[in-house]
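Student: As a plain string of letters, each chain reads:
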Amino acid sequence: MTTTESDAELQVGFDATIARNERIEPRDWMPEGYRKTLVRQIAQHAHSEIIGMQPEGNWITRAPSLRRKAILLAKVQDEAGHGLYLYSATETLGVSRGELTELLIEGRQKYSSIFNYPTLSYADVGTIGWLVDGAAICNQVPLCRTSYGPYGRAMIRICKEESFHQRQGYELLTTMMRGTDEQRAMVQESVDRFWWPALMMFGPPDEDSPNTAQSMAWGIKRNTNDDLRQRFVDMSVPQAEALGVTLPDPQLRWNEERGHHDFGEPDWQEFMQVVKGNGPCNRQRIAHRRRAHEDGAWVREAATAFAAKGVPA
Amino acid sequence: MSEWPLYEVFVRGKRGLNHVHVGSLHAADDDMALLHARDVYTRRNEGVSIWVVRADAIAASSPDEKDPLFAPSGDKVYRHPTFYSIPDDVPHM
Numbered sequence: 001m002t003t004t005e006s007d008a009e010l011q012v013g014f015d016a017t018i019a020r021n022e023r024i025e026p027r028d029w030m031p032e033g034y035r036k037t038l039v040r041q042i043a044q045h046a047h048s049e050i051i052g053m054q055p056e057g058n059w060i061t062r063a064p065s066l067r068r069k070a071i072l073l074a075k076v077q078d079e080a081g082h083g084l085y086l087y088s089a090t091e092t093l094g095v096s097r098g099e100l101t102e103l104l105i106e107g108r109q110k111y112s113s114i115f116n117y118p119t120l121s122y123a124d125v126g127t128i129g130w131l132v133d134g135a136a137i138c139n140q141v142p143l144c145r146t147s148y149g150p151y152g153r154a155m156i157r158i159c160k161e162e163s164f165h166q167r168q169g170y171e172l173l174t175t176m177m178r179g180t181d182e183q184r185a186m187v188q189e190s191v192d193r194f195w196w197p198a199l200m201m202f203g204p205p206d207e208d209s210p211n212t213a214q215s216m217a218w219g220i221k222r223n224t225n226d227d228l229r230q231r232f233v234d235m236s237v238p239q240a241e242a243l244g245v246t247l248p249d250p251q252l253r254w255n256e257e258r259g260h261h262d263f264g265e266p267d268w269q270e271f272m273q274v275v276k277g278n279g280p281c282n283r284q285r286i287a288h289r290r291r292a293h294e295d296g297a298w299v300r301e302a303a304t305a306f307a308a309k310g311v312p313a
Numbered sequence: 001m002s003e004w005p006l007y008e009v010f011v012r013g014k015r016g017l018n019h020v021h022v023g024s025l026h027a028a029d030d031d032m033a034l035l036h037a038r039d040v041y042t043r044r045n046e047g048v049s050i051w052v053v054r055a056d057a058i059a060a061s062s063p064d065e066k067d068p069l070f071a072p073s074g075d076k077v078y079r080h081p082t083f084y085s086i087p088d089d090v091p092h093m
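Heads up: the sequence lines are chains A and B, in that order.
Once you know that position 169 of the first sequence is 169 in this note's numbering, the rest is easy, because the numbers rise by one and skip nothing.
Once you know that position 74 of the second sequence is 74 in this note's numbering, the rest is easy, because the numbers rise by one and skip nothing.
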């Protein structure tokens, strides 16, 4: 029954599916570059969710109330879930979660640079929810329409849950802002540290982002880095005003003509250093992930041995 | 060590609906797959029932064959109600 088509014919079919704005599904033919780009992007995203558990997990045992502790536990559990949705999307492309975990702990695949910054105060839990998850939402909402079906479906689930993450963070900060001068200062100090790294989450400026054009042609990405960064700044300014904090950028001002805020340039040297592994916490994050993986080996082996015995539940 | 097998997960959102595929996960056996599916895919009351099935137990149509497989239904327009013209003044049809 099967008729073999040439690569050129298959490419025509693929291009037509993309042009109709339809989704590519797991067993469809796809160009090798498309597959590789997806694996790289989805894996980086999955790793970010998993590594992202660490900075906030740091505060679980020291959350100031049972309510805050329960919220933080739920949030960190969500990050694990998000990582799993995304690893499951990469598996439909023929790469296993185990392989990707190895690549992560060997430092051969990257995750978002933001998680290499430390969480020095409890206010950081709020700031991460507001700014870091807020930036993630800006990035992720358009990815719900990405051209690869399993990736888009994972993003839809993730976006539904991220909204809770952002709102709990903002609520935490508003509570602290209604507190003492010392608490307000904690919030401001935290925002000062996270604002620029949050802007860097959108990646390098468009002229230094060589893969963007191809990714957009393939429908993997839907917006450029600079577009999304602008959108995030415009969203954050009124939120900062309502909160009563100052965003640490002297060049930040409304531009009537453009209908957008003008803002300063992030320190791209710092960004490149963090991406290359020289951020404040890169080594610690990977060492922790490696330890968790290795310490869990006996559990995986015991469960495998138990399953092999075939004992009914 | 080899990885745990891959399971596909199906969730019934509420009574009256079909189970729908929601994603996949790894587990050592069926029981663990159900527990993991609960934790990964139903943290917010997304379901009232879960099916898990080993991915290697699923038989699927091949995308290469989609034309020969689905073409036979393409030219049978008479299977659709809109194929039949009925006078506008005939009620309840």
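Treat the hints with care, as some may be off.
[Said to hold, decoys possible] So the derived list for chain B, only partly shown, Cβ under 8 Å to chain A, looks like this:
1) E3
2) F10
3) G13
4) L17
5) L25
6) T42
7) R43
8) D56
9) P63
[Unchecked claim] Chain B residues, not near chain A, derived (Cβ > 10 Å throughout):
10) W4
11) H26
12) R44
13) A60
14) P72
15) V77
16) I86
[Unchecked claim] Distance ranges between label pairs, derived from CB positions:
17) A/F164 with B/H80: 23 to 33 Å
18) B/K76 with A/F164: 14 to 24 Å
19) B/A55 with A/I156: 31 to 41 Å
20) A/V12 with B/N18: 32 to 42 Å
21) A/K276 with B/S2: 53 to 63 Å
22) A/D28 with B/W51: 55 to 65 Å
23) A/A80 with B/F83: 26 to 36 Å
Everything labelled a hint here was simulated from the structure, so no lab data went into it.
Ideal Cβ placement from N, Cα and C applies to all residues, glycine included.
Student: Please name the hints from earlier in the document that this structure breaks, with their numbers sorted from lowest to highest.
Tutor: Numbers 2, 3, 4, 6, 8, 10, 11, 12, 13, 17, 18, 19, 21, 22, 23, in rising order.
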